[in-house]
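Novice: Kindly produce the complete structure, drawing on both the sequences and the hints.
Each chain, written out:
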Amino acid sequence: MTRQDIENEVRDIFLREFEVENPELDVNLREAYGFDSIDAIDLLLEIEKFLGSELTRDEKKQAMDIRTMRQIIDYIEMLAEKRHAAQGQGT
Amino acid sequence: MTDRRVVITACSAITPIGNSRDKIVESLLKGISGVKPLREDELIGRFIHSRVYGTVSDPIVYDFKRQHRKTMGPVAYYACQVAREVLEQSGLSPEFVTGGRLGIAFGSIHGSPTVQRDIYKIFLGAKDKETYQTIGAVDYLKSMVHTTAVNISKMFGITGRIISSGTACTTSSQSIGFGYESVKYGLQDAMLCGGADEYDTITVAVFDNLLACSTAFNDQPEKTPRPFDRARDGLVVAEGAGAVMLEEYEFAKKRGAPILGEVIGFACNSNGGDLILPNLDGITKTLQLGLENAEISASDVDLISAHATATKMGDIIEAQAIGAVFGSNPHVMALKSYMGHTMAACGVIETVLTLYMMQENFIAPTLNLEDIDERCAMVRHVQKLIEHPVKTAAIQNFAFGGVNTSLLIRKLT
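First to last, the sequence lines map onto chains A and B.
Numbering follows our numbering, with no gaps: position 81 of the first sequence is 112.
Numbering follows our numbering, with no gaps: position 169 of the second sequence is 276.
It is worth saying that the hints were derived from the structure and are not from the lab.
Beta carbons: idealized from backbone N, C-alpha and C, even for Gly.
Any given hint could turn out to be false.
[As the list claims (entries may be wrong)] Derived Cβ-Cβ restraints for the label pairs, each shown as a range:
| hint | chain 1 | residue 1 | chain 2 | residue 2 | range |
| --- | --- | --- | --- | --- | --- |
| 1 | B | Arg146 | A | Lys92 | 42 to 50 Å |
| 2 | A | Asn39 | B | Asp326 | 56 to 64 Å |
| 3 | A | Ala63 | B | Ile229 | 30 to 38 Å |
| 4 | B | Pro201 | A | Asn39 | 36 to 44 Å |
| 5 | B | Glu195 | A | Glu52 | 24 to 32 Å |
| 6 | A | Gln35 | B | Ile167 | 37 to 45 Å |
| 7 | A | Ile72 | B | Leu382 | 32 to 40 Å |
| 8 | B | Glu329 | A | Ile72 | 45 to 53 Å |
| 9 | A | Asp67 | B | Ser127 | 30 to 38 Å |
| 10 | B | Gly379 | A | Asn59 | 51 to 59 Å |
[Unchecked claim] Computed cross-link-like contacts, SDA-like style, restricted to lysine to any residue with a CA-CA straight-line distance of at most 25 Å:
| hint | chain 1 | residue 1 | chain 2 | residue 2 |
| --- | --- | --- | --- | --- |
| 11 | B | Lys498 | B | Glu355 |
| 12 | A | Lys80 | B | Tyr227 |
| 13 | A | Lys92 | B | Gly243 |
| 14 | B | Lys228 | A | Ile72 |
| 15 | B | Lys172 | A | Ile97 |
| 16 | B | Lys172 | A | Leu76 |
| 17 | B | Lys234 | A | Glu77 |
| 18 | B | Lys261 | A | Arg98 |
| 19 | B | Lys177 | A | Val51 |
Specialist: Laid out in structure tokens, this is it:
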């Protein structure tokens, strides 16, 4: 999974779930698009679906400081790498 | 603090007989009913004996942003629509609306049954954790009992007090009454008050099981309900919403607001006994307390908007109470005859329609009242449309659970 794949998926989620078309990478999502606490919970569910695995409580807590698209993409990339590494250890 | 006067500066309703003032007035003048065949719900509808429902038929064009829509079930759509219309009509400034001196009193009988039904479907059909997780974070916000009030608060940035009564058929008459008290005693300068309920077959099933629903006119929906008529055979459940803006009189006058009427009194009590059966002592007391609160006498009241759901005993008890308190002087009419029982919305819808009749100087007849039940005959029923000025009206509502309200409104001349 490339960073571009992640960005495309997040853009799809934003369009489908939050009716936000092509959000800018570095703007504050709350200020620019009215993205609020309820959206954040829904986004975490969508990320779980995308990754095909549940997020731990610690991972969810890590998401609490996210404010921009770029931070969301960084966050998913970190989670994907962590899962990839865990899978590698298991084989 | 000296008691302050409270006036109505805007009103709006979504009803089975129209969603605009013009359409509603036309329906009242022409005697048009909004009762329609019950819609199939693919759940319990086929087991219900009553096949009629007071249905909102005119299309509503909603223009709500996503961040608001996501926490709204159908009942909140109705509520926010009438709230928007009332806010626009009132002309209150955005600074005032968000400044903390405007509060909300708004409710529904049990939130959004449509959303609750979807939650139960998932809950009962779930076989794995993933399915449970499809019950979203917002489902509670859409379905909870105060969903109407808080969605209005969020959509319009209203920061004053929230009152969200959920007392079945007295929900919105309490909204207006508690809103009136909030302004009268200086707790707020204005209150946006009302109630709403969405299309719901479970409510029909409840009354159907109690043998309280109309079943004899399933093939002629417009012939039922029939308040006070000998052939009445029960209530008709309905959907709808209504809202009024209450303001402190001097504040409204100073800003040049249109004043549609004044709330001059409110009473609310409970029967303290049986939760279902109508209670003559309880509602007689309510009507007396309403007059005392308004500091007027029974002879000052020109028009009574009766609760009159068209149940056998409810109408008799109400007529007896009206007769005991008001005698046979005021005209008595039953607005549910036009649309059925809009549940949480009935008190505010009946208030709004009474204001329309006050403004237009007519009294609409009780629809389908062809042969007055002699046990209800002690009051002055309106059977034909009459041109008649109304200065003071009483709007009375009584709820399951033994809750009673009486609202008194007056036209300012």
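Novice: Please go over all the hints and tell whether each is borne out by the structure.
Specialist: Hint-by-hint comparison with the structure:
1. Arg146(B) - Lys92(A): 42 to 50 Å: holds, 46 Å
2. Asn39(A) - Asp326(B): 56 to 64 Å: holds, 58 Å
3. Ala63(A) - Ile229(B): 30 to 38 Å: holds, 33 Å
4. Pro201(B) - Asn39(A): 36 to 44 Å: holds, 40 Å
5. Glu195(B) - Glu52(A): 24 to 32 Å: holds, 29 Å
6. Gln35(A) - Ile167(B): 37 to 45 Å: holds, 43 Å
7. Ile72(A) - Leu382(B): 32 to 40 Å: holds, 39 Å
8. Glu329(B) - Ile72(A): 45 to 53 Å: holds, 47 Å
9. Asp67(A) - Ser127(B): 30 to 38 Å: At roughly 33 Å between Cβ atoms, Ser127(B) and Asp67(A) fall inside 30 to 38 Å, so the hint holds.
10. Gly379(B) - Asn59(A): 51 to 59 Å: For Gly379(B) and Asn59(A) the Cβ distance comes to about 55 Å; the hint holds.
11. Lys498(B) - Glu355(B): holds, 20 Å
12. Lys80(A) - Tyr227(B): Distance ~23 Å between Lys80(A) and Tyr227(B) Cα, so the pair holds.
13. Lys92(A) - Gly243(B): holds, 19 Å
14. Lys228(B) - Ile72(A): Between Lys228(B) and Ile72(A) the Cα gap is close to 22 Å, so the pair holds against 25 Å.
15. Lys172(B) - Ile97(A): Given pair Lys172(B), Ile97(A) holds - Cα atoms ~23 Å apart, limit 25 Å.
16. Lys172(B) - Leu76(A): holds, 22 Å
17. Lys234(B) - Glu77(A): Given pair Lys234(B), Glu77(A) holds - Cα atoms ~20 Å apart, limit 25 Å.
18. Lys261(B) - Arg98(A): holds, 22 Å
19. Lys177(B) - Val51(A): holds, 14 Å
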